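Start from chain A and add chain B with the ligands according to the hints.
Each chain, letter by letter, is given below.
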Amino acid sequence: MLEVEELSVGYLGDDVVHGVTLTVAPGEAVAVIGSNGAGKTTLFRGICGLLTASHGRVTFDGEDVSGQPAHKISRRGLAFVPAERHLFPGMTVKENLALGAYPGRPDPATMDFVLSLFPQLADRLSQHAGTMSGGEQQMVAVGRALVSRPRLLLLDEPTTGLAPKLAKAAYEALATLRSEGLTLLLAEQQVPLALDLTDRGYVLENGRVQLESSSEELRRNPEVRRAYLGIT
Amino acid sequence: MTAVVLDGIVLGLQFGLLGVGLTLVYGLGGVLNLAHGQLAVLGAIAVWLAIGTGLPVLPAVVVGLAAIGLLGFLLDTTLMRPVYARRGDERVLLGLLLTLGVAFIIDGLLNWRYPIASLNISIGGDPISILGVRMRTGSLLASTIAIAAAGLLLLFFRGTTLGRGVRSVIQDEEGARLVGINPASVRNLIFALSAVLAGLVAVTRSMTSPVSASAGIDFTILALIVAVVGGLGSILGAFVAGILLGIVNTVSSFYIGQYITTIVLLAAAALTILLRPSGLLGRRK
Ligand SMILES: Nc1ncnc2c1ncn2[C@@H]1O[C@H](COP(=O)(O)OP(=O)(O)OP(=O)(O)O)[C@@H](O)[C@H]1O
Ligand SMILES: [Mg+2]
Chain A
0 MLEVEELSVG YLGDDVVHGV TLTVAPGEAV AVIGSNGAGK TTLFRGICGL LTASHGRVTF
60 DGEDVSGQPA HKISRRGLAF VPAERHLFPG MTVKENLALG AYPGRPDPAT MDFVLSLFPQ
120 LADRLSQHAG TMSGGEQQMV AVGRALVSRP RLLLLDEPTT GLAPKLAKAA YEALATLRSE
180 GLTLLLAEQQ VPLALDLTDR GYVLENGRVQ LESSSEELRR NPEVRRAYLG IT
Chain B
0 MTAVVLDGIV LGLQFGLLGV GLTLVYGLGG VLNLAHGQLA VLGAIAVWLA IGTGLPVLPA
60 VVVGLAAIGL LGFLLDTTLM RPVYARRGDE RVLLGLLLTL GVAFIIDGLL NWRYPIASLN
120 ISIGGDPISI LGVRMRTGSL LASTIAIAAA GLLLLFFRGT TLGRGVRSVI QDEEGARLVG
180 INPASVRNLI FALSAVLAGL VAVTRSMTSP VSASAGIDFT ILALIVAVVG GLGSILGAFV
240 AGILLGIVNT VSSFYIGQYI TTIVLLAAAA LTILLRPSGL LGRRK
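Chains A and B, in that order, give the protein sequences.
Take the first sequence: its position 231, counted from the start at 1, is 230 in numbering that gives the first Met the number 0, and no numbers get skipped.
Take the second sequence: its position 49, counted from the start at 1, is 48 in numbering that gives the first Met the number 0, and no numbers get skipped.
One chain only, chain A, in its complex shape (with noise of 0.2 Å):
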């Protein structure tokens, strides 16, 4: 579903991710994790396009997409919900959950489903978004990312500003959307969280792959568990 190949992107000529190579398969979900400042983020933002690559080759669905408009890439079924959530403020629930159609209409199932799967934005439909909560606006971002019927869902840091609670709610959503054959590409500090979620992971570190391995394989992995779990 998605081949990065030896991507390297970065800021205003400065490369940030050196060569990273990623694959993500139809149905598979994946984690990225890595300390504050590894890349990941970056990467990501050169995986949709709002960041141009200096290096490297994306194909996603069988199609070449390096060096396209994140516009175009979003309407071809890459949905990527960045850690600071990018709502509109001045616009209601609602608003924000239709524009994620744009430039069509909302599919009334597709809105039915989000809203199932957070309920406490089906009363909120009429609130404007810059009013809501973090964790309200976390449901937003990926109930608009949601609304575009994604192919692949790319969520960074999903958990930023949640508590524990909330942060574990927030996984719980996002293995439903994984049981509805979702594809899944995540970065995540909450490590335990991710590597539970997910199939397979890789570890950045200074904008590289460090390791790449199955999930589980990585919660055993002792240099994983001292760095990232926090367990010596």
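To be clear, the hints were calculated from the coordinates, so they are not data collected in a lab.
These numbers were taken from a predicted model, which means no experiment stands behind them.
Don't be surprised by glycine CBs; every beta carbon is placed ideally from N, CA and C.
Any given hint might turn out to be false.
What the hints assert, rightly or not - Quick look at which bits of chain B chain A covers, simulated, 3 or more residues with Cβ under 8 Å:
(1) 156 to 167
(2) 170 to 176
What the hints assert, rightly or not - Incomplete in silico selection of chain A near chain B, CB under 8 Å:
(3) 69
(4) 94
(5) 228
The following block gives chain B with the ligands in isolation, referenced to the frame of chain A:
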């Protein structure tokens, strides 16, 4: 007094239409278009030229506004490109300088080719009484057009997918890109629309008093004041500010005098910035 206020509302609706284009272009790309008023006047002169070829008024207005809309589109796709390629202060400054250049060029061209041109569309018919005030048919028609245009705009921005797409770029450009909206084509569309609206205001103004080829700077200043008072980037704010300032304008020119009025309007803008830096309906960032 009722007459003065009614006149103010008539004027204010047109101020709103003038300001909304400026506010939208600024909200979408950070460009404060200093040639906005010159585009308005150029639109009026285009209509004047079309009438000069023997076209009846209505088709002449359509032709003139289409021409100014096309010019707006072309400006945005050519001259404004390097502006949008930059970020932050650099973008704002380059945008100011380039649009100021466009303003000078349009003023120069008009002054050279049509120094004494002025559009004056006279609407016949007897005055009609509204709230006990006799209104000239010209100002009634101008208001009707302004109200209809404002209504259509609000409908477009609130009720259509494309309109919401435009607002989404103003509110969060990155979010807009992520849902599949191309900000560059939204900016093209809105720059053209803003030029058409500016031209339309010059046309409706010409129904009550002549619009001369040298009026560009006045229109630009007015648009800036309206947009600042309403809150840069706020569509509804532009209309609210337009109507308020329209009333301030007629009241002050009735009781104080025409020459002081611009200063009164500027003072109103300055006061707004002091009391509410983001304008009446602007959002704080
Ligand atoms: N806009 C930017 N301009 C310049 N450098 C940046 C920018 N954003 C990030 N960087 C740099 O790129 C490197 C990688 O940052 P990135 O945000 O990709 O890391 P991350 O793995 O997502 O970290 P975190 O877990 O804290 O979100 C860092 O050294 C950071 O300073
Ligand atoms: Mg990050």
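Hint by hint, here is what the structure shows:
no.: 1; hint: 156 to 167; in the structure: holds (count 6)
no.: 2; hint: 170 to 176; in the structure: holds (count 6)
no.: 3; hint: 69; in the structure: holds, 4 Å
no.: 4; hint: 94; in the structure: holds, 6 Å
no.: 5; hint: 228; in the structure: violated, 31 Å
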